[in-house]
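Once you have looked at the hints, place chain B on chain S.
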Amino acid sequence: MKRTLTLLALTCLMLIAYGCGTTEDVDEDVIDKSFIQTGSISGEVQSIDGASIQVRILKAGELIGQVETDSTYEFTELEEGDYTIQISAQGYEMTELNATVFADEIVSLVQTVLVVLTEPVSHISGVLADIDSGNPLANILVQLTTEDEENMSALTNNEGVFSFENLPIDQIITLNISHEDYEDSEIVIQPLSADQIYDLTIQLTKIPDPVTLGPGEGLVVGSIAPDFELPDGNSAQHSLSDYTSDNNVVLIFYRGSW
Amino acid sequence: MQQNYNEIKSAGGELIVISSDNISTTKNTVQNEGLDYTVLSDGSLDVIKTYNVVDRGNTRIARPSTYILNPQGTIVSKFLGGTSHRVPIQDIFTELGKL
Chain S
1 MKRTLTLLAL TCLMLIAYGC GTTEDVDEDV IDKSFIQTGS ISGEVQSIDG
51 ASIQVRILKA GELIGQVETD STYEFTELEE GDYTIQISAQ GYEMTELNAT
101 VFADEIVSLV QTVLVVLTEP VSHISGVLAD IDSGNPLANI LVQLTTEDEE
151 NMSALTNNEG VFSFENLPID QIITLNISHE DYEDSEIVIQ PLSADQIYDL
201 TIQLTKIPDP VTLGPGEGLV VGSIAPDFEL PDGNSAQHSL SDYTSDNNVV
251 LIFYRGSW
Chain B
259 MQQNYNEIKS AGGELIVISS DNISTTKNTV QNEGLDYTVL SDGSLDVIKT
309 YNVVDRGNTR IARPSTYILN PQGTIVSKFL GGTSHRVPIQ DIFTELGKL
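Order-wise, the sequence lines are chains S and B. Using my numbering, the first residue of the first sequence is number 1, and each one after it goes up by one. Using my numbering, the first residue of the second sequence is number 259, and each one after it goes up by one.
Treat the hints with caution; some may be incorrect.
[To be verified] Cross-link-like lysine to aspartate or glutamate pairs, in silico, DMTMM-like; alpha carbons within 25 angstroms at most:
id : chain 1 : residue 1 : chain 2 : residue 2
1  : B       : Lys-307   : S       : Glu-229
2  : B       : Lys-267   : S       : Asp-227
3  : B       : Lys-285   : S       : Asp-148
Worth flagging that the hints you see were computed from the coordinates, not collected in a lab.
If we strip away everything but chain B, and leave its shape as in the complex, we get:
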């Protein structure tokens, strides 16, 4: 994901990544993987619930999913994943290219 981040940046997008990991796990992930985009901790799943992406198999984590928002805050695209953690990076670039 890190290598894609610069491409998202250059396509005029900010990247925010959210999981239900707690703050210290989130800190470890960022340090170990050398990530320089925003990774946020939603330990209580408040935001995950608000975005209706609680995993259906394990209700303590998020379902892998991607939203693309325009500068007005409107959801312009949505990708929902299964259990395998695959971010549809080509689709993201295609959608960002349209904005």
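Next up, chain S with everything else stripped away, as it sits in the complex:
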């Protein structure tokens, strides 16, 4: 058994070596993602009583991941590059950390101690669900804009829940959800007061799949009739476009005299 494992390990090493050796010759656009080497970021936040801590990771200003924790956090399979970690909890100032990820390395960040906020703030939390099935929608980006045009984003977790902490009070807040599978949704929230937690449920409508008809069910009404050329009984060719250019056309298919 041990021998088999060693052999397997060797095979893996050879595969990795092969992967490295060939990437130089490959056009960047066609590199298989599995060959891109990744690293991790881990860290710790000093616990705060009874409050959950949101840890978000951004790359070039775009939210790419998010976890909820009471102390430690980790982001894995990160491509090489610079990242920003945002740590926030209700009633505490948001702390930002920067980290650079290298392949096959784990970046350990210093422990974060959150500072209690002195200014009054409000919070929003919500659930995203499919309007038809009622199922929660995970990993969907929710973007928030304040009246002062400050932007924040959050991803929904596996239960479809998202949250925004420490929002300014007395401002109209707009939430935007845009996802390729769903119709865009915009929610305007009237100004919140200090310490208010605004809970909402947002239902998204799935964009229907394009209509396809079964065999023998014809073409979709509203689509363009495909042009064609066919002979008549005297072998003279007729094309559909000769007829449609000036007129309505009634096109009849019949079973024939077979």
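Just chain B now, kept in the frame of chain S:
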């Protein structure tokens, strides 16, 4: 169908009729029935397949069906028939009247 053809004409429509009959059968049909509208032969079923109207019982022939197209070539109506060869002529006039 021949008697309806003039009505379709006067409603501003051209009539094209297609079957999988070969060219000589098509010629006979036109001559025997004295048809003066366009009857075309789609022996290889290319167009019948393109329009997704192959008969489900006999895949060598077309399912009786009617499309109404506007001058832009857009399909504005569609009627699919069963095994009995009945062209929904009243529906055709109604639809042409709307265009």
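Hints the structure violates: just list their numbers, smallest first. Violated: hint 3 alone.
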